[in-house]
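Student: So you can see what is in the structure, the chains are spelled out below.
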Amino acid sequence: MREYNKLIFELSKEGRTAYKLPKMDVEEVDLKEFVPEEYLRDEELDFPEVSEVEVIRHYTNLSNKNYGVDTGFYPLGSCTMKYNPKINENMARLDGFANIHPYQPEETVQGALKLMHELDEALCELTGMDKMTLQPAAGAHGELTGLMLIKAYHEKRGDTKRTKIIVPDSAHGTNPASAAMAGFDTLEVKSTEEGTVDIESLKNVLSDEIAGLMLTNPNTLGLFEKDIKEIADLVHSCGGLLYYDGANANAIMGITRPGDMGFDVVHLNLHKTLSTPHGGGGPGSGPVGVKKSLIEYLPVPVVEKDENRYFLNYDYPNTIGKVKDFYGHFGVLVKTYSYILTMGKDGLKKASEIAVLNSNYVMSLLRDDYYLPIDTIYKHEFVLGGLKEENLEVKTLDIAKRLLDFGFHPPTVYFPLIINEALMIEPTETESKETLDKFANVLKQIAKEAIENPEIVKEAPHNTPVRRIDETKAARKPVLKYEG
Amino acid sequence: MKILEDLLYTNDHEWLKVEEDKAYIGITDYAQDALGDIVYVELPEVDDEFEMEEAFAVVESVKAAADIYIPVDGRVLEINEDLEDDPSLVNEDPYESWMIAVELEDKSQLDELMNSGEYEKFLEEEE
Amino acid sequence: MYPYIPNTSDDEKKMLESIGVDSIEELFSDIPKEVQLGRELNLKESMSELEVEKYITKLSSKNKSINDLTCFLGAGAYDHYIPSIVDHIISRSEFYTSYTPYQAEISQGTLQYIFEYQTLISRLTGMDVSNASLYDGGSAIGEASIMAVNISRKEEIIVSKTVHPESRKVLKTYAHTQGFKVIEIDESDGVTNLEQLKENINKNTAAVIVQSPNFFGIIEDIKSIEEMVHKVKKTMFIVSTDPISLGILKSPGELGADIVVGEGQSLGIPLSYGGPYLGFIATKKKHMRKLPGRIVGESTDVDGKRAFVLTLQAREQHIRRDKATSNICTNQGLNVLASVVYMVTLGKKGLKEVATQSIAKAHYAYDKMIATGKYKPLFNKPFFKEFAITSNMPGEKINDELLKENVLGGFILDENYPQYENGILYCVTEKRSKEEIDKLVSVLEGII
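Chains as they are written, first to last, in numbering that gives the first Met the number 0: chain A, 0 to 483; chain B, 0 to 126; chain C, 0 to 447.
It is possible that part of the hints are untrue.
To be verified - Simulated crosslink set (DMTMM-like; lysine to aspartate or glutamate; CA at most 25 Å straight-line):
#	chain 1	residue 1	chain 2	residue 2
1	C	K430	A	D94
2	A	K225	A	E124
3	C	K32	A	D129
4	C	K284	A	E470
5	B	K62	A	E420
6	C	K348	A	D29
Everything labelled a hint here was simulated from the structure, so no lab data went into it.
Quick caveat, the model's predicted, so the values are computed rather than measured.
With the sequences and hints as input, model every part of the structure.
Tutor: Right, dumping it as structure tokens:
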């Protein structure tokens, strides 16, 4: 089955069909009566003609060439590939949620609005913020929205010289990209040997041109920024605001909150921390929470409640505007709320505790065979710097590819940029000790192979649907569609 | 690493070949080697004007992209369109694969650049 | 115990031993006391699956769905038929529980359906290349504008007021942060005012954005606009379109567009109260390296086998950081798959049939409404599946009366277009039967 190698276009045969519509019950018409001829298509659309059975088999075969959390362990650092509960999928597909139109009268969607309002409150409690917008479509979109809020805050105060955003050198690539997209310049601050923000180098860049600082805590090395209070005070005292990148929030639920650390704006990745599926790249959801002083700038509409009904409030004169059509990824919000109810206050905390336990456990199993650049207690993820044995030909990329042969998804590799040959491992709480043991054993075996039989590692993977792909060819002479 | 004698060099690993009021600019053997397989070269348009230290081109490999900075002020006279069709030329022969030719506005700016001996020493120190 | 957390307390003990600490609390000892929560979260206790199901289902039952009501509402989100195989395929967990396809060797499923999507969107829009999708139609307009500003190195975007009001609002937000200017062109008789457009296009114009069929459902005079736009060097023509309409209408690519964008919800994605949907963007080959977001390309593996891989990645945030073409790092993954399954299921004949039935039924409804003598058309222009009607009664009143009969009325125009008091935009898709349309018209006739 994994040998299947057809494109849907290659299955097409004239006269086949996979659909049937009811017969048209109004009069057949000549399209030229409705549309000027020059705007009518004169050639038939070049789409395939296939039967329903072929469509199902084709995509089922393609799915067999994919790997998901339901297939096996997925320790992708900073991506929180936890199990995606099935009941959440059912809840989002309920007729009363999946089949409502965004412009229906509010009285016909009170259940949807109530769910959004309750989710808003739950996320505020989880993050220690005062109000959320559920509009942003993904984490990066949340960052952009959050930075727009920071910009609006300074602009309203006439403080227009604040054009710079501070980003640590360990940050996710989206941080500087979002800052640039929001019209800011980025200033990078170095990390210390211990892997956290260097307070002295932070002090050096602080000025009245600083709009804010973006930080992930725990950071991308999986380390808690212990000096967070001091960092917050320093940034606030120069007039800047603090932005919390929620990519790593799975380490802290019920233990500490960005709002209590001093952050003013927060985004959460519902597709990471709160269990909604990644869907092969989307749709995600990246709600943004703010402290009181920033509520007036939130994108419209804001879901609110009066004595007897829920409603969409557009009356925010200082709003940054709209960042998205309609109100956000509602379907993802339903899944998230279902997860929060399932886990509850006790379960969410337990999830973070076990996520951290699992991460430190795997670290303890691998430290003899792999280089551990920073020897400390980690949070939900940790970073290795390649093999401990130096001067081997085997690199991190080879190790990642060799893992595929053993049926594991590799960790995040070559990130963060500040660690050479980085392997960033995030097990999440939804994995058993047995899985973690097996994974560690395989990595130990690969470390051994790297010495005894490096070729087998360097040429990996050997038994995947396809093997290493020529990326240079793909980029030099791009073939971006089927030309047959 | 190959270094040619009659060229001028920058700290960012670009080379300049001066022909009277005109200079051809490309990247050095060291630079192409560091970038790996080059998959795309984005060039400016003829008549675009740049100031010293401005990025005038982008060179992309599969997993990296590097801005190429102009070491002098100048207006673009020619661009090497061959590179747009076959970027691997930069890997094969970086010193033949000039990217742009510019009209030199201020020749004294050339004094700041390294000759081949100085660049060789610079590379040794970089290692 | 929690169903999604497998480790037992015995496991925990053994793991703590291996780490060399005594308790889980010790693993959090690096978090300063002053920032620790120190109390329980103020949320409900964990619930069983039955309890969650009951609670959420109760919330959903407070809504009225388009199965409870007969939907004549459109305005950017549409009630088209979704074949049942769409949900079956996107429910395969190898698809929906996977991450972005960075590890190409075990992601050929995702990569190939994106490649098929890029092919289908290119063919549908008549363009050379498509990316792997964007968040929605509105952000696609925002991203296309940024792209045009970067390519043209100019800073004014002209947008017609017949473009969806939500999308124009999103565009304004993007423009404000990016620091480029947006000029809106008025509409007259439901289409872009060509004279005003002509006056506003000049050498500073980075792009002109037009929607067709436009927000009022009307087919714009794209040919004349294209001529105006391309008289100016480097000015780009961005066309937003309804993908269903392209089953019968000439593609924007054939009509000279430089970038084509749109909302892809109609392609097999449920209404879901406004999201998640699907933004598409396609352009000419010469601009492909300026496209934002993910792109999949075809290549070969070491054994020479055809294989797909994310490509042109040097444009993207994880490499270019602050110089990336966009900060976007996801696409709409699973919704892309839904749209692919929809497009191949309907295929060559189906999309044409959906479009033909929609336009025929919309005109049938229009003619019947006008025939009552109580409702008048707002415009006199060729339209696709939506049309605007006015009367002597406020839209809210009409929609209230329709709702009493379990009919979901059209979109009320005067909030976004105050000049059209009492105007309502109706939408009729292939899903509406003659009987349903007749009922709508008879209720409408009875109101006034």
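Student: Against this structure, judge whether each hint is valid.
Tutor: Cross-check of the supplied hints:
Our distance criterion of 25 Å between C-alpha atoms is met by C:K430 and A:D94, whose separation comes to about 17 Å. A hinted pair counts as satisfied when its Cα atoms are at most 25 Å apart, and A:K225 with A:E124 qualifies at roughly 22 Å. Under the criterion of a C-alpha separation no larger than 25 Å, the hint pairing C:K32 with A:D129 is consistent with the structure, at around 22 Å. Restraint check: the Cα-Cα separation between C:K284 and A:E470 comes to about 19 Å, which is no more than 25 Å; the hinted pair holds.
Between B:K62 and A:E420 the CA atoms are separated by roughly 15 Å; this keeps the pair inside 25 Å, and the hint holds. The hinted pair formed by C:K348 and A:D29 meets the criterion: a straight-line CA distance of about 17 Å does not exceed 25 Å.
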